[in-house]
Structure formats: C-alpha cells, structure tokens
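Work out the full structure, taking the sequences as your base and the hints as a guide.
The listed protein sequences derive, respectively, from chains A, B and C. Under the numbering used here, the first residue of the first sequence carries the number 1, and numbering increases by one thereafter. Under the numbering used here, the first residue of the second sequence carries the number 1001, and numbering increases by one thereafter. Under the numbering used here, the first residue of the third sequence carries the number 2001, and numbering increases by one thereafter.
These are calculated hints, taken from the structure and not from any lab test. These numbers come from a predicted model, not from an experiment. Note that CB positions come from ideal geometry on N, CA and C, so glycine has one too. Be careful, since some hints might not be right.
[Unchecked claim] Derived Cβ-Cβ restraints for the label pairs, each shown as a range: (1) Ile1322/B - Glu276/A: 33 to 41 Å; (2) Leu1095/B - Arg198/A: 33 to 41 Å; (3) Asn1071/B - Ser158/A: 45 to 53 Å; (4) Leu1095/B - Phe370/A: 39 to 47 Å; (5) Asn1071/B - Ile210/A: 31 to 39 Å.
[As the list claims (entries may be wrong)] Chain A residues, not near chain B, derived (Cβ > 10 Å throughout): (6) Leu18; (7) Pro126; (8) Phe370; (9) Arg373.
Spelled out, the chains give:
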Amino acid sequence: MTGTTQTAYVAPAITAPLPPPIAVGGPVGWVRGNLLNSWSNAIVTIVSLYLIWAVAVPLINFLIIDAVWDGAGRADCLPEKVGHSVGACWPFIGAKFSQLVYGFYPWNLHWRVDLTFALGAVLLVPLMIPRAPLKMLNSILFFGVFPIVAFFLLVGGSFGLEHVETRSWGGLLVTLVVAVTGIVVSLPLGILLALGRRSHMPAVQGMCVIFIEFWRGVPLITVLFFATYMLPLFLPNTWTIDALLRVLVGVALFSAAYMAEVVRGGLQAIPRGQFEAASALGLGYWKTMGLIVLPQALRLVIPGIVNNFIGLFKDTTLVLIVSIFDFLGQMRAAFADPNWSTPVTLYTGFAFCGIVYFVFCFSMSRYSLFVERRLNTSHR
Amino acid sequence: MTGEREGPAARPRLAVLYNPKLRGIFYQLVLLAIMVWLGIEFALNAKTNLQAQKIATGFGFLDNTAGFGVNQSLIAYQESDTYGRVFFVGLLNTLVVSAFGIALATAIGFLVGVARLSNNWLIARLAGVYVEVIRNLPLLFQILFWYLAVLGALPAPRNAISVLDGVFLSNRGIAVPRPLFGEGSGLVLAAFAAGIVVTLMLRFWAQARQEKTGQQFPLGCAAAGLILGLPLLVMIAAGFPIGFELPQLRGFNFVGGVTMIPEFTALLIALSTYTAAFIAEIVRSGIQAVSRGQTEAAYSLGLKPGRTMSMVVIPQAMRVIIPPLTSQYLNLTKNSSLAVGIGYPDLFAVFAGTTLNQTGQAIEILAVTMAVYLVISLITSALMNWYNSRLQLVER
Amino acid sequence: MHTTKNETAVEIVAMNKWYGQFHVLRDINLKVGRGERIVICGPSGSGKSTLIRCINRLEEHQKGKIIVDGTELTNDLKKIDEIRSDVGMVFQHFNLFPHLTVLENCTLAPIWVRKMPKKDAEEVARKYLERVRIPEQAMKYPGQLSGGQQQRVAIARALCMEPKIMLFDEPTSALDPEMVKEVLDTMVTLALDGMTMLCVTHEMGFARQVANRVVFMDVGQIVEANEPKEFFAHPQHERTKLFLSQILH
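Pasting the structure below:
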C-alpha cells in the first residue's frame, strides 16, 4: 500500500472518547506537565518550594503559633515571661487600636466617627454592586450629600454637636478622609480638566494641559509641602487654614490631574459617531457631553477611578511627613511607647499595618478587575 | 464642538451672542482675565505676608552658609558650605539612588515578569504573589519597614554579619570592599577597553561574513573572552595591580572600604522592589501582547526558541513595554523624594526639608524643587514621544 | 539535505491527543505519499487544525507515532527543529512578523536556520515573491498589504525554506471573499508543481481541482477518506453526508 494509491477509507463507527493516560491527565500528569516537564523546570520547582517554605513557616510561626494573644503590658510579650521565642505581640495592637482608628478623637465622641464610617459604607456598597438600582440617586447621595453630612458629623460645631479640632484626628480616620475627599473632589475637577484638554479653544486647552502636566510631573510630597508652606502665603493673611484642609487641597489638586487623564481615556474611547449623532439631534455642547458622552465615558473609566483611589489610599501615608498622623503615622508614634517596648513591637506593628493596607488595596484592585472584565464582556 | 442651535429666527441684535466663534473667544478672554486676576492677587498677598513674617525674598540665600551636616555626599561637602552646594549634594543623591533603583528595578521586574509567564506553575504563582503583595502596600510603609524592621535590626558593627570576610552588614550600613588601583592597573583598564573595541570590530566582521557566506560566528563567547579574559590575562601578567581595601572594624564603626548608609540601602531596596512589581506587570502584558501566532510562525519556520524570542517576540514586545516602562522610571525618580521619611539626604530632604526649615523661603525653594522634578519629567516625555514616533508599526 | 529515503512523506500511526481531559484526536491513522495533496475538512472543533499542527509539533501528541520524512517526532528538540525547517506552514491569520519588511520576513529563517548568506537568501526570497506575484511589495511592511497579499507573502515565506511538505491551516478563512481566489490560485500553482500538501480548508472547489484525497474528520477522528470524485459523489458515512449537505447547497 503505497501512499499515493491508498484506497478509500470509512470509519466503522464513531469511537467513544477515552480518558487520557495517567501520565497526561490527573494530578500526576498535571505535576509532570506543569512542574517537572524538564530538568531546569524541576530545579525551579525545588527552589520555589524552598522559598515558600522559608517564608511561610516563619511567617505563620510569628503571626499565629508563637504569637502572644493576651496581655496588659510589655512584660507579657517578653520571652522571659512567655517561656519561648515570641512572635507577634497582639495585645499591643489591642491597646493601640483606638489610636490607630480614631487618633486622639475624643473618646466619648467616637460614635460620630463610627456613624460616618457606617453611612459611607451603606452608601458605597450599593454603588459598587453593578445590579443595584437607583445608581443616579446613589451617586448623588455618595458624592454630593455624604461629604457634607460627614463634614458636619466629624467637625461638629453646629447642630448641637461639639466641635472637634482636626488636630486631634488621626489614624484610619485621617487616611480615609484624605483618600475619599481626594477622590470626591477630584472627580468633577478631573472631568472639567479632561473636557478642557479636548476643547477646541486654545487658551482653555493650553491651560488644562499645563495644569495636568504640572501636577503629574512633580512628586506628591512636593505638592503637600506646597499646600502646607506655600499656599498660605498666597492667601490673604486674615484667612487661617486648618493644616488638614491645606493637605486636602493639595491632594485634591494632585489627584484631579491624574483623574483628568483617566477621564480623557474614557472620552477617547467614545466613537465619533456618538458626537455626530448628538449634534444631528441638535444638542449643544454641554447637553451632548452631559447626556450622551460622559455617562458612557464614566462607566468605562470606573476601573481607572478605583485604581486612582487605591493609589491615593496608599499615597495618603505621605501626610505623616507634614506631621499629620494617618494610620501609618499613628503606628509609628505607637512604636515609641515605652509601656510596650519589646523586641517584637516593631514587627507586630508592621505586620498589622501591612495586613490592613493589603486587605484594603487588594480587595479594591480585585473589584476594579471585576468591573473591567464585566465591561469587556458587555461590550461584545 | 460648540455647535449651538442657530435658529433662522435669531434676532439680528443677538446674533453676536450666538456666534460660536465669538463665544469661544469671549469664554477664553474671561478665563484669561480670571487667571491674571488670581495671579496678581496671589502676588500681592505673598508680598504682604512675606513682609509681615519678615521672610527674605530672592535667591540670595543660596550663598549663605548651610551649617548642617549631610550623611552622604558625592561631592566634597562640609557644614560651612553654602545652601547652593547643598542643592547639588541633594540633587546628586537623588540621581544616584534613582539610577541604582532603575537598574535594580528593571532587573527584578523583567525577571518577575518573565517568571509570571513561566510554564512552571509554581514559579508563575510565586511571581504573582510577589506582584500583588508589593503593589498593594504603600511605598512609605515599605521604606519604613526596610529601614526600621530589617536594617535597623542588624547587629551593631562589633557583631556585624560578615559575608566572605569582605562585606559587613550592621546597623551602621553595609560595608563593601573598595577597589584600589595600584601601579600597572592602567594596563588592565586598557586591556578592558581594547576588549570592548575588538568585540565591536568583530561584530561588524561577523555581520559582513554572515552576509557573504552565511557562516555564523559565536559572538557571545568571543565577547566574553575578550572583555573579561583579556584584562584577566593582563592582570596576571602585571602581578595583580588591582587590589581591594577591605572594611575593618575600628572601635564602633568600620573604616576603609565603602559603606552604604542604611538610609540609602533601605530606600534603594524599597524603591526597586516596589517599582519592579509594576515593571513585572508591564513586561508580562507586553510579552502577552505579542500573539501566540507569532511564536508559532517562527517555530514553524524552524527558528529555535531562543532566536524566536530575540528576533520575533522581544522586538515586538518592547514597543508595548517601553512607554509605560519609562513612566515607571519617572515614578521611581519622583518617589525617591520619600527619602525624607527616613532621612536619606536627597534633593527634597536637604533642600525642601532642612533648607526650607532654616530659611523659611518656601516660595523660592519649592519652586526650584518642583522645577527640577518637572524638568526631569518633561525631558523624559519628550524623549519618549520621539522614540514612539520612530517605532510606530507601519500600517495601511 | 538528505536524500529521499522512501515514498512516504508523513505517516501517522494510532495517534491520540488530549487537552487535559478532553480527547481531541482519537486513534488517527494517515499515510501521505510524496507529492500527494490532501484536503482535510470537517465541522469546526473536529480536530483538523490540531492534526496538522501535530505534524510540525506545534502541538504535542500523547500516544502513537508521527513520522515525518522518515524521522519520528519525539521530544528530541534537534529533530523537531530539523523537521520544522523541512515542513512549511501557512496560518489562518497569516502571522507575518509586523516589525519586519516583507523581504525580511522571507529571509529571516533562511539566514538563521539554513545559514544562507544574506544576498542568496534575498535572491531566493525575491524568486518566491515573484512566484506568488508580489515582487513589488518586498520593501513594504505587512501592515501595508491587503489580506490576500499578506497570505501570499506568508506562503512565499514558507517556500523560502524550500520545504518538502506544506501545511495549510484554513489559509482562506480570514480573507475577504474577493481575495480568496488569489490565494487559492497560488496554492493551485504550488500543487501543480508537485508539492506535498496537507490543507485544512472548506474550499471544496480547490479540493475537487487538486486534491488526491479528501479526508473528512469529526469529533477528533477520521470518519471517511476518499479521492475527491468519489468523496463528493458517493459519501459513505452518515456524518459525511450530513456535513456535505450543509456546505454544498
């Protein structure tokens, strides 16, 4: 039977699919295919296993097995008392917890902070669930009403609420106030800047480009210094501006520039046809933008906005350099407490801080990924 | 986009108001007027405020004596030097930590990015964990962690951890040997230079020969032999003129060698590992952007995996990688200003920090500091635009 | 290049392949003679592309044997490279290298794999570009060409390695209708020159015109194979009849 004259062939029947040989499918096949498929890969696998072992074992020992869970002072976290090498000293976190969350916000007024957090969460959660109804009302409440309510709740001084100076604020409270204010203020500013950058009026466009590129070109810390030391000089000396407010102004300007670039990306993704269709209906510039273009563009840039928020949340740590004690700042201050000075205090603090930051940022980045996937599928 | 409705019934008196062009000019004039007014207002306020607070103006302070010490300086510096010199000390420190940081971050980032695409499941996951953990922790947190929890926990110089008796890790920093160039070391350097020149010539020759005869030349081996082997031979012949000065413990600290202060080390590690996580993602998406079909086409032509990488995948991936990579380099440089958090004397810490504190001249100092970062940013983006326009893929 | 050892170009014996748990190729037996032109057709997902991709080891098979030009495909990387350089492949989406000119696309492999002097490689490239009738596009980039032109460049690029066997993986499916003919014409010329070809395609006209044998695949196995006249006139298997009734109206 030579190749060229092979006779016709008809399969007798369709055969049933067979399971793969054990060497291919199943866990053995998986390990062979993914971990040991060549010599170099086997070595990489062994090195990786060693690495995991070398990091995970001490970490678990420190965080859980060797950790001290109860105690009232430094003595409880010393190896002499515990009897074995000490891991994390969790009572330290317990003792400093209120400081880490509220700073020096008066004890009896913590409910105001709690209420603000709760209000924010109640408004934010439905905003983040794509299927939840009343998105428009929800956004107005979160971006418009909530900041005002939060301001009166936190600052006080009216409606019979006792005034609390921002100097006594601290910890997670400051971190969240700075990050949330930054995003809430920068969103409208960023939209205006993005529209301005795409404007056909040269003066408007030029000014927006200069503004955006200026803030994006300098480090945030210089912006914070600018807001703290330089801004007051430019304003009438009759105005006294609160230190936290100055920082908020700086952060808002800085993040508006980044927000503008995110929004611009969304505007660019809207096809020309949308503008043309709106013009053909006789809509003017603001109506075209407000009713047709922006609603579409903003939906597209939600992942970008969330990513900006993550960045801002992380960057908030910088305020400790201008002596405002955010979460990290409070933690650093807590290290200095002689009542809790043990060899493990520093590590306990870093571990707790790291876990909190990671949980916040990681969950937000997963959320942004989720929205991005959703947008990608709904676009097809 | 100012297509306002222009009804035919528009009254002639108001036609001017509805002319989009005139309207645009009007808006712009209003905007400009507001800006000018704000500028004047700011300037006047600043003038009264500065006078009230008795703060000097102008750049005269640059010639004044600084009067404070700096714990790392590449140029000769002492307390009696001027603020102007402090500026350059800080600028150089910023550039040094950025340059080392960029090199390290690139190396780690490419390694991790390629590892994320490895067909070894374990290493791919590990690289993913690295990226997620590092990206989701604030940079300042990481800098403080390295500074306080890792480097701060090193033993005192007396009990320093020694690596091969040449490198010493202690809480005073990392002491490494310093090369000493004795007599005849010029020859070694000359041999090194000659090695590079000959390698370049070989490259031309190999290329020309390839084009003529198709024979390929093992350039890599030859280059290694010439650039490393040649100086080594000369070194042996000259009787080892290049020696090393080892750091030695004297009293409470090390003398001799070169000591990297802990502030520098912590900042460098934190900046490079942090930026590396972002670079890894850029590299991963860059390589993934080259479709699988490209690799398959190269394989089906008989090209080996290494050659496929270097001639087909990498040239295409680099177009995607380089623009965001540059902006990461820029971020690293800007982030080096966080040095102020641990007291590394970079531009920001010594100039916008200490100098501002001592002189109070916030406007001049912050303007100069911001200008430096801006200039770095603008130069980089200009280079980037030029590069991008050159590398654009040709399309129909 | 070694001399022809036998009359068989490709021999596949009891070959099986799985993607994870999924049995994509089931007990494939196929012998392709030198100079034979085989058209493989079948519904999508029937494993026809996977089959020809196994022949130059873009996919790995797990059971059975594949012998190409007298060399069995194993994990031996050296043999794989050798086989790949003797087997040309044309893809559905062309897969031209967008960062290289048409000429560079064609000379890349001859220079680095065949170790040809650049000048000779360019000469060979121009010869084949002439043959696919686009010599004037040599200095352009792939992105500047139409789909049909790109696919012809891809064919020329494969031919520059002077392969003994050519594999075509749905070469016309990604093309606009008016460009299909120019690519098919190129393939017909190639067939008339005596090239051994395995083509996955739905172009039944092409099958009638040049194929020695049409192989019909479904659910990962060869259901029926016959010379084109018989295949189209008297399909034997139920599945073949169903498939033909769907694509020939």
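Now for the hints, and whether the structure bears them out:
{"no.": "1", "hint": "Ile1322/B - Glu276/A: 33 to 41 Å", "result": "holds, 35 Å"}
{"no.": "2", "hint": "Leu1095/B - Arg198/A: 33 to 41 Å", "result": "holds, 36 Å"}
{"no.": "3", "hint": "Asn1071/B - Ser158/A: 45 to 53 Å", "result": "holds, 50 Å"}
{"no.": "4", "hint": "Leu1095/B - Phe370/A: 39 to 47 Å", "result": "holds, 41 Å"}
{"no.": "5", "hint": "Asn1071/B - Ile210/A: 31 to 39 Å", "result": "holds, 38 Å"}
{"no.": "6", "hint": "Leu18", "result": "holds, 25 Å"}
{"no.": "7", "hint": "Pro126", "result": "holds, 25 Å"}
{"no.": "8", "hint": "Phe370", "result": "holds, 15 Å"}
{"no.": "9", "hint": "Arg373", "result": "holds, 15 Å"}
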